[in-house]
Amino acid sequence: MTSGMRLPLYWRVCLINGLLFVVGTMALAFLPVTVSARVLVSEAIVLVLGLTAIVGLNSLLLRTSLAPLDRLVRMMDEVDLQRPGQRLPEGRSGVATKLVRSFNAMLTRLETERGTSNAKALAAQEAERHRIAQELHDEIGQSLTAVLLGLKRLSDRVPAELADEFRLVQETTRAGLDEVREVARRLRPGVLEDLGLHNALAALATEFSSHGMRVRRVSSPGLAPLAPETELVIYRVAQEALTNAARHSGATEVEVSLLRQGNHVVLGVEDNGRGFRGGAEGGIQEGAGMRGMRERALLVAGELRIGPGQRGGVRVELRVS
1 MTSGMRLPLY
11 WRVCLINGLL
21 FVVGTMALAF
31 LPVTVSARVL
41 VSEAIVLVLG
51 LTAIVGLNSL
61 LLRTSLAPLD
71 RLVRMMDEVD
81 LQRPGQRLPE
91 GRSGVATKLV
101 RSFNAMLTRL
111 ETERGTSNAK
121 ALAAQEAERH
131 RIAQELHDEI
141 GQSLTAVLLG
151 LKRLSDRVPA
161 ELADEFRLVQ
171 ETTRAGLDEV
181 REVARRLRPG
191 VLEDLGLHNA
201 LAALATEFSS
211 HGMRVRRVSS
221 PGLAPLAPET
231 ELVIYRVAQE
241 ALTNAARHSG
251 ATEVEVSLLR
261 QGNHVVLGVE
271 DNGRGFRGGA
281 EGGIQEGAGM
291 RGMRERALLV
301 AGELRIGPGQ
311 RGGVRVELRV
321 S
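Numbered per full-length UniProt numbering, the sequence shown spans residues 1 to 321.
Worth flagging that the hints you see were computed from the coordinates, not collected in a lab.
The model shown is predicted, which means the values in this text are computed figures rather than measured ones.
Virtual Cβ for every residue (Gly too), placed ideally from N, Cα, C.
Don't take each hint at face value.
Said to hold, decoys possible - Derived lysine to aspartate or glutamate pairs resembling DMTMM-like cross-links, with alpha carbons at most 25 Å apart:
id, residue 1, residue 2
1, Lys-152, Glu-165
2, Lys-98, Glu-113
3, Lys-120, Glu-240
4, Lys-98, Asp-70
5, Lys-152, Asp-194
6, Lys-152, Glu-182
Unchecked claim - Using C-beta positions, here's what the derived DEER-type ranges look like:
id, residue 1, residue 2, range
7, Glu-253, Gln-125, 26 to 36 Å
8, Arg-274, Arg-157, 51 to 61 Å
9, Leu-223, Gln-310, 21 to 31 Å
10, Ser-155, Pro-228, 17 to 27 Å
11, Gln-310, His-130, 29 to 39 Å
12, Ala-105, Arg-181, 42 to 52 Å
13, Arg-216, Val-73, 39 to 49 Å
14, Leu-20, Gln-310, 55 to 65 Å
15, Leu-223, Ala-160, 58 to 68 Å
16, Leu-69, His-248, 38 to 48 Å
17, Ala-163, Pro-308, 48 to 58 Å
Please model the complete structure; the sequences and the hints are all you need to start from.
Given below as structure tokens:
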């Protein structure tokens, strides 16, 4: 890089303008051009053309120097760390090259630090879910089970006039125990650890089908085993997508697919609901659940796409290697 390219922007602008004024002065000094006391039309034309040339050349030189700064400002306004890989072209030389290179390096550092912090936060979140699920199962679940056994032993000694109320207490306790087990199961997908990803997704489909929404599964046979953290991300993204479809979309049908496409495994969750109205990407307003899905995808270097589906609803697609 030449020494001129290392000059601060202020001095670059001064040199450009100074050079143009020197050229104009030299032209007036050495060219056979004069200006009468009363400016003639031909002289006015020469002056206008000269001024236009100076202003145009000055604008061109300044635009060349400052255009990378405009691109940098736009990138600062639009950059989203949840969509990594956004970079500005650095070029070989120019006053803004060093600034653009530093900005790109900063983005790389921020993406790395964000990925590391997200990984730690989500690992802590999974560990906390595991602990809470274990406590629900071992403490509250066992306590409710003991209450149910005690109520069963007392059932033969309950007066007839209290029998209906007693059965209501039994059913309420049993329903509470079922809810505790369901919450624990959602917090810690034991089926994923014990039976694998396909069976875990099948269990998810069965669970949400019982809520009045038909869930259809499609999968490629013989998928190669994935890393445990990748399987967990796929499971959590599918779980969140199904939850969104059940709560917000008004869908009656959802398709959950897990397919091999080249060197990638692709999870797709597509519903036939009302879709999204207004928002950023593809008309979608992203909430905490979607941002959480994106953060999980980044942990395994995956690519998450959320957009309109072919049946009018929403399609969530996660692509991992």
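Each hint, compared with the structure:
Using a Cα cut-off of 25 Å, the hinted pair Lys-152 and Glu-165 holds, with the two alpha carbons roughly 14 Å apart. For a cut-off of 25 Å, the pair hint linking Lys-98 to Glu-113 stands: about 22 Å separates their Cα positions. Pair hint Lys-120 plus Glu-240 holds up; C-alpha atoms about 20 Å apart against a cutoff of 25 Å. Distance restraint check for Lys-98 and Asp-70: the Cα-Cα separation of roughly 15 Å lies within the 25 Å cut-off, and the hinted pair is therefore satisfied.
A threshold of 25 Å between alpha carbons decides the hint, and for Lys-152 with Asp-194 the separation of about 33 Å lies outside it, so the pair is violated. Restraint check for Lys-152 and Glu-182: satisfied, since their Cα atoms lie roughly 23 Å apart, inside the 25 Å limit. The given range of 26 to 36 Å is respected by Glu-253 and Gln-125, whose C-beta atoms sit roughly 31 Å from each other. Arg-274 and Arg-157 have their C-beta atoms about 55 Å apart, which keeps the hinted 51 to 61 Å range intact.
Between Leu-223 and Gln-310 the beta carbon distance is about 23 Å. The supplied range of 21 to 31 Å therefore holds. Range check, Ser-155 to Pro-228: Cβ separation about 46 Å, and the 17 to 27 Å hint is violated. A beta carbon spacing of about 37 Å between Gln-310 and His-130 agrees with the range 29 to 39 Å that was offered as a hint. At about 50 Å, the CB distance of Ala-105 to Arg-181 agrees with the hint of 42 to 52 Å.
Distance hint for Arg-216 and Val-73: a CB-CB separation of about 48 Å, consistent with the stated range 39 to 49 Å. Hint check: Leu-20 to Gln-310, Cβ distance near 59 Å, so the stated range 55 to 65 Å holds. Checked against the hint of 58 to 68 Å, the C-beta distance between Leu-223 and Ala-160 comes to roughly 60 Å, which is consistent with it. Distance hint check: the CB atoms of Leu-69 and His-248 are about 42 Å apart, consistent with the given range 38 to 48 Å.
Taking the beta carbon of each, Ala-163 and Pro-308 are about 56 Å apart, inside 48 to 58 Å as hinted.
Of the numbered hints stated above, those contradicted by the structure are hints 5 and 10, listed in ascending order.
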